[in-house]
Amino acid sequence: MNVIHSTPLTEAVRVRGLTKSFGGARVLAGIDLTVPTGSLLALLGPNGSGKTTTVRILTTLLAPDGGSAIVGGHDVTREGVAVRRVIGLTAQQATVDGLLTGRENLELFAGLYHLGGRQARRRAAELLERFDLTAAANRLVSTYSGGMRRRLDLAASMISNPRILFLDEPTTGLDPRSRAELWSVIRELLASGTTILLTTQYLDEADHLADRVVVINGGRVVADDSPAALKRQVGSERLVMRLSLADDVPRAGAALADAHLDPDAREVTVAVQGPRHLRKTLDLLDHAGIGVEHVALRAPTLDDVFFELTAAAA
Amino acid sequence: MSALVTSAGDLRRLVVRDLRRELRVLDGLIVNAALPVIIMLLFVYVFGGAITTGSSGLSYIDFVVPAVLLMSGGYGAALSAVNISEDLTGGMIDRFRTLPISGWVVPAGHVVASVVRNVASSAIALLAAILLGFRPDATLIDWALVLALVAGYVLAMSALAVVWGLLVSSTQAAGAFSFAVLFLPYVSDGIVPAETMPGVLRDFAYNQPATPIIETLRALLLDRPVGSSGAVAAAWLIGAVVISVPVAALLFRRRTAA
Numbered sequence: 001m002n003v004i005h006s007t008p009l010t011e012a013v014r015v016r017g018l019t020k021s022f023g024g025a026r027v028l029a030g031i032d033l034t035v036p037t038g039s040l041l042a043l044l045g046p047n048g049s050g051k052t053t054t055v056r057i058l059t060t061l062l063a064p065d066g067g068s069a070i071v072g073g074h075d076v077t078r079e080g081v082a083v084r085r086v087i088g089l090t091a092q093q094a095t096v097d098g099l100l101t102g103r104e105n106l107e108l109f110a111g112l113y114h115l116g117g118r119q120a121r122r123r124a125a126e127l128l129e130r131f132d133l134t135a136a137a138n139r140l141v142s143t144y145s146g147g148m149r150r151r152l153d154l155a156a157s158m159i160s161n162p163r164i165l166f167l168d169e170p171t172t173g174l175d176p177r178s179r180a181e182l183w184s185v186i187r188e189l190l191a192s193g194t195t196i197l198l199t200t201q202y203l204d205e206a207d208h209l210a211d212r213v214v215v216i217n218g219g220r221v222v223a224d225d226s227p228a229a230l231k232r233q234v235g236s237e238r239l240v241m242r243l244s245l246a247d248d249v250p251r252a253g254a255a256l257a258d259a260h261l262d263p264d265a266r267e268v269t270v271a272v273q274g275p276r277h278l279r280k281t282l283d284l285l286d287h288a289g290i291g292v293e294h295v296a297l298r299a300p301t302l303d304d305v306f307f308e309l310t311a312a313a314a
Numbered sequence: 001m002s003a004l005v006t007s008a009g010d011l012r013r014l015v016v017r018d019l020r021r022e023l024r025v026l027d028g029l030i031v032n033a034a035l036p037v038i039i040m041l042l043f044v045y046v047f048g049g050a051i052t053t054g055s056s057g058l059s060y061i062d063f064v065v066p067a068v069l070l071m072s073g074g075y076g077a078a079l080s081a082v083n084i085s086e087d088l089t090g091g092m093i094d095r096f097r098t099l100p101i102s103g104w105v106v107p108a109g110h111v112v113a114s115v116v117r118n119v120a121s122s123a124i125a126l127l128a129a130i131l132l133g134f135r136p137d138a139t140l141i142d143w144a145l146v147l148a149l150v151a152g153y154v155l156a157m158s159a160l161a162v163v164w165g166l167l168v169s170s171t172q173a174a175g176a177f178s179f180a181v182l183f184l185p186y187v188s189d190g191i192v193p194a195e196t197m198p199g200v201l202r203d204f205a206y207n208q209p210a211t212p213i214i215e216t217l218r219a220l221l222l223d224r225p226v227g228s229s230g231a232v233a234a235a236w237l238i239g240a241v242v243i244s245v246p247v248a249a250l251l252f253r254r255r256t257a258a
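Protein sequence lines correspond, in order, to chains A and B.
Numbering-wise (UniProt numbering), the first sequence opens with residue 1 and increments by one.
Numbering-wise (UniProt numbering), the second sequence opens with residue 1 and increments by one.
Take these hints with a grain of salt, some might be off.
[As the list claims (entries may be wrong)] Just the calculated beta-carbon pair ranges, DEER-fashion:
id: 1; chain 1: B; residue 1: Tyr186; chain 2: A; residue 2: Glu126; range: 17 to 23 Å
id: 2; chain 1: A; residue 1: Ala180; chain 2: B; residue 2: Gly9; range: 35 to 41 Å
id: 3; chain 1: B; residue 1: Ala180; chain 2: A; residue 2: Ala180; range: 49 to 55 Å
id: 4; chain 1: B; residue 1: Phe204; chain 2: A; residue 2: Ala29; range: 53 to 59 Å
id: 5; chain 1: A; residue 1: Arg298; chain 2: B; residue 2: Arg12; range: 57 to 63 Å
id: 6; chain 1: A; residue 1: Glu188; chain 2: B; residue 2: Ser102; range: 53 to 59 Å
id: 7; chain 1: B; residue 1: Ile141; chain 2: A; residue 2: Glu129; range: 52 to 58 Å
id: 8; chain 1: A; residue 1: Gly146; chain 2: B; residue 2: Gly133; range: 53 to 59 Å
id: 9; chain 1: A; residue 1: Gly38; chain 2: B; residue 2: Phe179; range: 53 to 59 Å
It should be emphasised that the hints constitute simulated quantities derived from the structure, not laboratory data.
Ideal Cβ placement from N, Cα and C applies to all residues, glycine included.
Full structure from sequences and hints, please.
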């Protein structure tokens, strides 16, 4: 018999023209994205851009209004049960019980995945070890730090060994150390073959972890590329000028085309196209009588990509 | 069949989760263990001396025990509304929804755990009453019926509480259900004889479910004739459960629909 897959197995997630509105407000206005099997895609966007809505649709927690979404070869609206069998989700809110210990949480969920008593205990112990929670295993989760809680959430999502993992803002609100720890856990999961879609508002997170970055704003995809290509797209180096007077910042903005202004830091940033443009930029400020206290050149970051893309879409 | 066995296992796990949670919060222990004793002491010693039991001719402790049993079990049962609401408004529900379990086991877990906890609360109240001088005169069958009645009341209140918890959008609003349940026995024949109440309240007292349940309990515990109150009590409880269980299942499905 000939089995026709609606999506090649090389694609873990395939989304086309996804739309969703809440009471007349359009949250997703046609999202397209593809996550190749075994890769990590970062869905990058500001608050309210539609990241969580996208994840909730892909994890069958929310029905889309239109478009199609195939996860692990199954349609999320028609084959929700089959989709759930191959995915794991770590949502933004805690999805573990604060009044149970870490171990009890994992044993409960392992039991609800219908592992037998001994198997459930072994799986819980294994995951506690893997996510570095063994020392805290018998403490109530309500006493955990933010980073520990996220790791436990992640461990709970890994009980069934899902092929595809969705992480909704996994590091939001974490201190830098917990964030780095979580990043290394995510990299290990990726190395072991798990396909990961994570949402983030942190550009460095996407830059560090992702094979591909989809930037969304206002429910639309404004960019879909590798982090390196996105940076290339934005191109040249940035000239960062700190002005002597904060009041001069708007005037500098008027004098220079496409400058990014940061009045609080008294900084004006422009993309420079070669040495001549650099000299001309400084000359322009000089002629306008604007004092420059400090200049620096730096490579473009995803932040620059982000400002450029979302400013264009706005 | 095997699906039912699987769901029964899931239900057991969720009941254990609920009972564990209850033992870890001070409020839970207070509501389930201390409140029954406090209510019993309050009625027997504080109000008891001032209340006459009217035409029943009973001593006050004999008169009031059934109402206190319902209050002890009912208050905790009503808190099921808070438990289900916490699952829904926190993130737990997303975890449950991504697990391969039938949706109904989540509300059912809260209801079953509530019955276990709150029948135990009623038993604590009964024990307190016996220490305070209550001398029941009941056969083994009477005791079985008392247990069935108290469990039925707790079950009905828990299921109704879950319905309420699924209807409201915040945990605070869910908590309000406790007051309705706690005060139901006040305007019944359970704490003061309904015959002493003014007209409208008396009519309410005679026609609300707590009165026939309390009268049946009183009859069973004190070896008095049950009369028609047994059938009326059973009708109320069966009716409440038959209506609230499917409504709870339906509301839960609606609240968690994609």
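53 to 59 Å was suggested as the range; check whether the CB atoms of A/Glu188 and B/Ser102 agree with it. violated (34 Å)
Between A/Ala180 and B/Gly9, does the beta-carbon spacing fit 35 to 41 Å? holds (40 Å)
Outcome of range test on Cβ distance (B/Ala180, A/Ala180; 49 to 55 Å): At 51 Å between Cβs, range holds.
Range hint compliance [Cβ, B/Tyr186 to A/Glu126, 17 to 23 Å]: Hint violated: Cβ distance 54 Å, outside 17 to 23 Å.
Cβ separation of B/Phe204 and A/Ala29, checked against the hinted range 53 to 59 Å: holds (56 Å)
Taking the beta carbons of A/Gly146 and B/Gly133, is their distance inside 53 to 59 Å? Since the Cβ atoms of A/Gly146 and B/Gly133 sit about 55 Å apart, the hinted range of 53 to 59 Å holds.
So the hint says 53 to 59 Å: do the beta-carbon atoms of A/Gly38 and B/Phe179 match that? holds (56 Å)
Is the hinted range of 57 to 63 Å satisfied by the C-beta distance from A/Arg298 to B/Arg12? Cβ of A/Arg298 to Cβ of B/Arg12: about 60 Å, so the range 57 to 63 Å holds.
Hint check for A/Glu129 and B/Ile141 - Cβ pair distance inside 52 to 58 Å: At roughly 55 Å between Cβ atoms, A/Glu129 and B/Ile141 fall inside 52 to 58 Å, so the hint holds.
Hint compliance for this structure: hints 1 and 6 are not met, and every other hint is.
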